[in-house]
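If you want the building blocks of each chain, they are given just below.
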Amino acid sequence: MIRTLSWAYLAVAYAFVFLPVAVLVAFSFQDGRLPVPPFKGVTLDWYAKVLGNDDLTAALLNSLLVAVVSSLVALILGFLAAHALARVRLPGSALMRGVLIAPMTVSYLIVALGLLNLFNLTGLRLSLLTAGIGHVVVNLPLCFAITYAAMGDHQRSAERAARDLGAPEWKVVTLISAPMLAVPLAAAFFLSVTFSWDEFIIAFLLTRFDVTLPVEIWSMLKSGLSPATNAVGSLVFLVSVTLVILLELTVFRKRP
Amino acid sequence: MTAAVSIQAVSQRYGQATALDRVSLEIEAGEFVVLLGPSGCGKTTLLNLIGGFTEPTEGAILIGGRDMAGVAPKDRPTTTVFQDYALFPHMSLRDNVAFGLRMRGIDRGKRAAKADQMLALVGLEGRGDRRPHELSGGQRQRVALARALAVEPDVLLLDEPLGALDLKLRRQMQDELKAIQRRVGTTFVHVTHDQEEAMAIADRIVVMNAGHIEHVGPPREVYLQPKTLFTAGFMGEINRIPVAGGRAPFGPVDVPDGTLCIRPEAITPAGALRIGPCKVEDAAFFGAHIRVHVSPLAATDLRLIVHLPQSQSVEHGGVLDLGAETWVVLTE
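Respectively, the protein sequence lines represent chains A and B.
Numbering follows our numbering, in which position 88 of the first sequence is assigned residue number 88; successive positions increment by one, without gaps.
Numbering follows our numbering, in which position 195 of the second sequence is assigned residue number 195; successive positions increment by one, without gaps.
Hints in this document: simulated from the structure, not taken from any laboratory.
Take these hints with a grain of salt, some might be off.
Take a look, some chain A residues computed to stay more than 12 angstroms from chain B by CB distance [as the list claims (entries may be wrong)]: (1) Leu-5; (2) Ala-15; (3) Pro-38; (4) Tyr-47; (5) Lys-49; (6) Leu-64; (7) Leu-90; (8) Ser-127; (9) Ala-158; (10) Leu-175; (11) Lys-222; (12) Leu-235.
In the BS3-like style, the derived pairs of lysine-lysine whose C-alpha atoms are separated by at most 25 angstroms in a straight line are [as the list claims (entries may be wrong)]: (13) Lys-114/B with Lys-178/B; (14) Lys-168/B with Lys-178/B; (15) Lys-49/A with Lys-222/A; (16) Lys-171/A with Lys-114/B; (17) Lys-171/A with Lys-74/B; (18) Lys-227/B with Lys-279/B; (19) Lys-171/A with Lys-110/B; (20) Lys-114/B with Lys-74/B.
Here the structure is a predicted model, which means the values were calculated and not measured.
Using N, Cα and C, we set each Cβ at its ideal position, and we do this for glycine too.
The shape of chain B in the complex, shown without the other chains (with noise of 0.2 angstroms):
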């Protein structure tokens, strides 16, 4: 039902390229684990290797303690959501979650039953009569969600599940996977590149960068004290300021050397670390918040970008006066 898994110095090479840079990972049983990274860092290389779709150029793979070398995909207790829901056109949806089911010697009274338990978990009760081709792009991730998860797969791999659903259908989708995970309590392992998506489902995040791993810890750590700048940079928007004896471009600072990350929304009024007078250069509503960008009165040169609050009055050309809440310094 689940397992834990253990990457242990795990190496892809194709030919001169490196896809995989010795990468150790362990990940524990029931955990909703999200991989993510640009396109190329190595996630989607992975998920391959967990599943068992590639074996790896060196190190070893354990699922639930049990070495995966050699092991084909339809042996191994993985399952995976495929990005393109690869559902088999010419069944019904009942027969489609069925399948491995079928593949495992279950009579047909029985994984009906099951089939259509599977369906309603995912909300389409009463519907295993239909054709994939009926579906929208959101029921079908639903249905390739059930299919993985009839089987009762100690870890299930999610490849991109949602990257071809509409924004507002993502978000739902996100929240619906969470619960099932919560409910099922499989291992998930999700890759994406969405950061707000890794944000929203991840019990950890596991920051990809170029084969390697950047950062891994669940995602308040991952945001608020990136290890690394790329890890800082690809979470979301930041302000980096170069730190040097102690004076950063706008005055003395109390933080070590190295590159001082400041998020937008951390920069407000009342912030400790002082940064001081900002002139407003640049103003936008955004909704949820106004995306400022200021320069420090001693430092015209440096932009920062500032998320303030709706109800802060921002005026062009006027001046605030700035601090950072929280930040982080980086010394690569």
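So that you can see chain A by itself, here it is in the shape it has in the complex (with noise of 0.2 angstroms):
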């Protein structure tokens, strides 16, 4: 009998959370104008015309550009301070962790008109780049924060035998450090591509001619409710749950 409830409670809760992306993916198929039921019928169409508007198709390209290199600079950035922090003892180690981490529990919105402000002042014209420093900054306290959990004492000892054994300290970094920490390293980045292609508030208050997907979806959403929207959505749920299925079968899998 318990059994069978436990079951069934964690039937429900599965299908809380995935009953609206089902909706969602199954009337980007709908036969009809509206993605609302009766379910009419099922056509590809949307996708095609998804597919073949090239604002939309500009801007996946341009949130892939911006996930992936933003995580690049975030990741790179987060590991060497944290690579720094575990391996020296300074003054304010801890506040110089603290403010590291601290991004993390400002709102995205905050950061976003922190930063709209400051490139205002500095007069950096809003564009791509500047949503892909927004993501480095709501990104690299993960990045740096993973890694610095990853890194421990036989890291520590084997990084003092490389130098013992000739290796000067950026061959220490590059061919001990990092690729020791490879599965928290390719976590952190995975985890802060998948981020960053969602990211909504932030790409929309820092970019304005090249937007990227989530403020394009939004600008069509204004123009009212679509199959079309439904199945640009579908596509990022695609990409998003490739990614976790990549991180799964990649780099959780070989963690001993």
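Fit chain to chain and form the complex, with the hints in mind.
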């Protein structure tokens, strides 16, 4: 009895989480003008329309570019900061760690507004670059926290051994520290990519002519509901799910 | 390939604490020297100073006649075998062993050949493609040794390399370490707190205590003719008998005043320095010997530990007439 109930609970919980997505995906195939019941039949027209839309495909490529580049920058900066703070005892180490992690606790809206002010002051034009900078700001603490937590004593002693065997500092980092942290680094990177890929507020406030996909979708929604937006949403979901599954298969499975 | 190490009045202080206090030591090229002492005696500090991981507060360290002040570990003619092995988990054994050669710009083919040769030296031939996590503790230690030796250092530093191994494996590795050192001829400086290990492998033992050197000498000398009470006690069990005015508690003895130190196995029925009849208080069979607690009849307060051969018949409450074969008198 308890067993059945717990299975039922699990089913309800999953339904609660995934029903909206399922509905979104289902109505992206709607053979009609509106993505609402009744379901009138299956068509791929909306997908054809979406993929034929230059603005959307441009936004999709922009999103990919911003996600990959900003995540790489956040990863490199976060890793180097973690590497330094895990190795060297400096006055105010704890404070520096705190300051690095702090942006995590600030809402994206505030981060975006702050950056907007800053870019206005410095005269930097809003573009994919500024949105990318915004994404680095929010993803750097994540990358820092993940890599910092993964650094341990055995890594420290392996680095010491590498120096003892004649490795200059940049080779210690590239040949020993980074490869030993391959799993957490990959995890941090993929998480950053997914966050950046889905991110709306910062991208909305910090872009102007070239926009990322969530911003493009939002502007589509302004002109009313259409199965086309469902189709775009489904595509975004597909990419995110693929990333998560890739992460699961390549990175977490290898964990000893 | 090998070089002498000269440690000249080296001190190391951390704030108020003194880890090493004006330590001087000459190590010959090709020598196997063991730094021995309890934890906190400064032996690891001294090893780190030779390896360049820390700089001395005072004094100089010369390797092969060259002053090492300000020379980073990577530029020193030393390599280290670490207690926790510190192997690179993401590399094959061959790449681990070849790492130092790679840093020296040796091309891939040559360094792979050298790495395989070093793996064969430590008894791991044909396993170059394995990863460190596939190995046992003893095998990992061998890889660490091969990796440190592959770059042909002048001086190899070993930081309690056998500390994490079980006793049987440790004894076996000691023999191998000694054999490898003879073959390569490199100067070995080995740190341990295990006096049996020290005696098994060392050409010379450096006994350290509280930041200074107590005694430097070959194992036989350090064990049989210790210069200090600390060395006497640290090298193994010892009976300490106060002597004043030519008298020990059990009677007159023909030795100078001081502390008469006698090893348990040096006390036998035939020993020349007579202790006299002793009552057996307690006896236990230890395999290689019988360990007996006795009290001289002339000094029942005094308890001596005696190791007698297995063949000796020992009875509780029985009386044995004993004497010391070797002894040393210390006056500190």
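Verification of the hints:
{"no.": "1", "hint": "Leu-5", "verdict": "holds, 43 angstroms"}
{"no.": "2", "hint": "Ala-15", "verdict": "holds, 42 angstroms"}
{"no.": "3", "hint": "Pro-38", "verdict": "holds, 57 angstroms"}
{"no.": "4", "hint": "Tyr-47", "verdict": "holds, 43 angstroms"}
{"no.": "5", "hint": "Lys-49", "verdict": "holds, 48 angstroms"}
{"no.": "6", "hint": "Leu-64", "verdict": "holds, 29 angstroms"}
{"no.": "7", "hint": "Leu-90", "verdict": "holds, 18 angstroms"}
{"no.": "8", "hint": "Ser-127", "verdict": "holds, 39 angstroms"}
{"no.": "9", "hint": "Ala-158", "verdict": "violated, 5 angstroms"}
{"no.": "10", "hint": "Leu-175", "verdict": "violated, 8 angstroms"}
{"no.": "11", "hint": "Lys-222", "verdict": "holds, 50 angstroms"}
{"no.": "12", "hint": "Leu-235", "verdict": "holds, 36 angstroms"}
{"no.": "13", "hint": "Lys-114/B with Lys-178/B", "verdict": "holds, 21 angstroms"}
{"no.": "14", "hint": "Lys-168/B with Lys-178/B", "verdict": "holds, 16 angstroms"}
{"no.": "15", "hint": "Lys-49/A with Lys-222/A", "verdict": "holds, 18 angstroms"}
{"no.": "16", "hint": "Lys-171/A with Lys-114/B", "verdict": "holds, 21 angstroms"}
{"no.": "17", "hint": "Lys-171/A with Lys-74/B", "verdict": "holds, 12 angstroms"}
{"no.": "18", "hint": "Lys-227/B with Lys-279/B", "verdict": "violated, 31 angstroms"}
{"no.": "19", "hint": "Lys-171/A with Lys-110/B", "verdict": "holds, 20 angstroms"}
{"no.": "20", "hint": "Lys-114/B with Lys-74/B", "verdict": "holds, 20 angstroms"}
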